[in-house]
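Work out the full structure, taking the sequences as your base and the hints as a guide.
Line by line, the protein sequences give chains H and C.
According to this note's numbering, the first sequence is numbered sequentially starting from 1.
According to this note's numbering, the second sequence is numbered sequentially starting from 164.
Hints listed in this document are in silico derivations from the structure and should not be mistaken for laboratory results.
Some clues are possibly wrong.
Restricting the straight-line Cα-Cα distance to at most 25 Å, the calculated cross-link-like pairs of lysine to aspartate or glutamate (DMTMM-like) are [what the hints assert, rightly or not]:
(1) C:Lys371 with C:Asp387
(2) C:Lys371 with H:Asp29
(3) C:Lys371 with H:Glu128
(4) C:Lys371 with C:Glu416
(5) C:Lys371 with C:Asp322
(6) C:Lys371 with C:Glu291
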Amino acid sequence: MSRFSGAGRVPVIVTIIVSLMFMVMPLPDWAVPFRPDWVALTLIYWAMMLPRTWSVGTAWLIGIVLDVFQGTILGQHALALCVIVFVTVRFHLLMRVFPMQQLTATVFAILTLYQFILFWINGVAGVEVQLVNYWGPVLTGTLFWPIVTVLLSGVRMRVQHGR
Amino acid sequence: MVANRAETSNPARIPALGIRLIVLIVVSIILMVLDHRQNHLGAVRQAIGAAVYPLQIVVDAPFRLWGWIREGTTERNELKLEVSRLQAERLLTYARLQRMTALEAENARLRDLLEARAQVRDEVRVAEIMAVDANPYRHNIVIDIGARDGAYDGQAIVDAVGVIGQVIETGIATSQAMLISDPSHSLPVEVNRNGLRTIANGTGEFGKLDLPFITNNADIRPGDLLVTSGLGGAFPAGYPVATIETVNRIPQEPFADVTATPEAALDQVREIMLIWPSSETVEAEPLDE
Numbered sequence: 001m002s003r004f005s006g007a008g009r010v011p012v013i014v015t016i017i018v019s020l021m022f023m024v025m026p027l028p029d030w031a032v033p034f035r036p037d038w039v040a041l042t043l044i045y046w047a048m049m050l051p052r053t054w055s056v057g058t059a060w061l062i063g064i065v066l067d068v069f070q071g072t073i074l075g076q077h078a079l080a081l082c083v084i085v086f087v088t089v090r091f092h093l094l095m096r097v098f099p100m101q102q103l104t105a106t107v108f109a110i111l112t113l114y115q116f117i118l119f120w121i122n123g124v125a126g127v128e129v130q131l132v133n134y135w136g137p138v139l140t141g142t143l144f145w146p147i148v149t150v151l152l153s154g155v156r157m158r159v160q161h162g163r
Numbered sequence: 164m165v166a167n168r169a170e171t172s173n174p175a176r177i178p179a180l181g182i183r184l185i186v187l188i189v190v191s192i193i194l195m196v197l198d199h200r201q202n203h204l205g206a207v208r209q210a211i212g213a214a215v216y217p218l219q220i221v222v223d224a225p226f227r228l229w230g231w232i233r234e235g236t237t238e239r240n241e242l243k244l245e246v247s248r249l250q251a252e253r254l255l256t257y258a259r260l261q262r263m264t265a266l267e268a269e270n271a272r273l274r275d276l277l278e279a280r281a282q283v284r285d286e287v288r289v290a291e292i293m294a295v296d297a298n299p300y301r302h303n304i305v306i307d308i309g310a311r312d313g314a315y316d317g318q319a320i321v322d323a324v325g326v327i328g329q330v331i332e333t334g335i336a337t338s339q340a341m342l343i344s345d346p347s348h349s350l351p352v353e354v355n356r357n358g359l360r361t362i363a364n365g366t367g368e369f370g371k372l373d374l375p376f377i378t379n380n381a382d383i384r385p386g387d388l389l390v391t392s393g394l395g396g397a398f399p400a401g402y403p404v405a406t407i408e409t410v411n412r413i414p415q416e417p418f419a420d421v422t423a424t425p426e427a428a429l430d431q432v433r434e435i436m437l438i439w440p441s442s443e444t445v446e447a448e449p450l451d452e
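See below:
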């Protein structure tokens, strides 16, 4: 497992920054509720593949950045992201051997958990949100997961062979 | 549950993962309480905001570039048309302004007669909406003016035709603003025709505001212009907000069902103006076209 940790962090950080950019990229109004959670997808992937380097701490920091970026309650995305990354790290060995359909189904469950935490925090804080804003990203996130996997595994190959 | 799974995933066991998670969850909850209940974390937000500012610039850049390219490659004919259109518009505006000057003088004289406070002008500054989608749960925009330019929380934002929203969070170089269409936004307004005061709430739709507190017998009808009343303290008075769209009087209910269409096209504007109200409260003035 030693080959998974250590150097080669820069490409991973770049993918996370790109995912943050996708999170704030303007979309037409009808598409906004269907923006996949790019950051969540990216963090799930890296937590699954390189759990020693990219774990709950990273997820929490990125979550804080996302909160500031989007002007949500500070700690909301941080909490949700570190919980789903925790789940991913716990099951990362299982998830790595899952066939794609099963993995996608798992990611669907994780994304649902993610949105549920966000929903719960919004509820406690009294932020009113239309329901489509919760199930939209879960749906599109699941649909985009295979593509994200392909793209990020390209990056991962480069990380591991490049050093 | 952390301990009994440890041996199954032993080769890649992450040390103290559960403990770290619990610590982070507790920290998150403390942060959320501080942020939401007490608003103590403005400085933290500003600092992280400054760190992610380059990211916002990068996201915004292609759209700026696109606008720039489009400007650069506009056909000569189109430019000519645009120039003549703008000239015509300028003439009209000048004509209106002349009338304004006369009215202003008259207004000042009348105010003198009434010994009322003198009317003071608000200061405005043009800002641009960055092509960055902010809070997914709210009707928010990010603008390229921040604390270093003197923006402050609660500052009113208008465009050429009407009120757009207010600043809710100032960063160093950018700010977040809430649109009047946000479901949690309320704006004190009055009917320009007769001064009837009420509140306009956002609905979550760009083209619709809700006026929940209008009694069934109130003198209001479709087409009435709503202007800011200045009563909330945040917005200076007299800026157009919306036009009444429907008035649905329901006899058995205490309040009528009234909706209005915002004057500003909230989902289309790119250039906006921030208002620094003058130190004295500005009285509402009748708006002639």
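For each hint, the structure was consulted:
1. About 15 Å separates the Cα atoms of Lys371 of chain C and Asp387 of chain C, which keeps this hinted pair within 25 Å; it holds.
2. Of the supplied pair hints, the one linking Lys371 of chain C and Asp29 of chain H holds, its CA atoms being roughly 15 Å apart against a limit of 25 Å.
3. Simply put, Lys371 of chain C and Glu128 of chain H have alpha-carbon atoms about 17 Å apart, close enough for the 25 Å limit, and the pair holds.
4. About 22 Å separates the Cα atoms of Lys371 of chain C and Glu416 of chain C, which keeps this hinted pair within 25 Å; it holds.
5. At most 25 Å may separate the alpha-carbon atoms for a hinted pair to count; Lys371 of chain C and Asp322 of chain C meet this at roughly 17 Å.
6. Restraint check for Lys371 of chain C and Glu291 of chain C: satisfied, since their Cα atoms lie roughly 23 Å apart, inside the 25 Å limit.
In the structure shown, no violation is registered for any of the earlier numbered hints.
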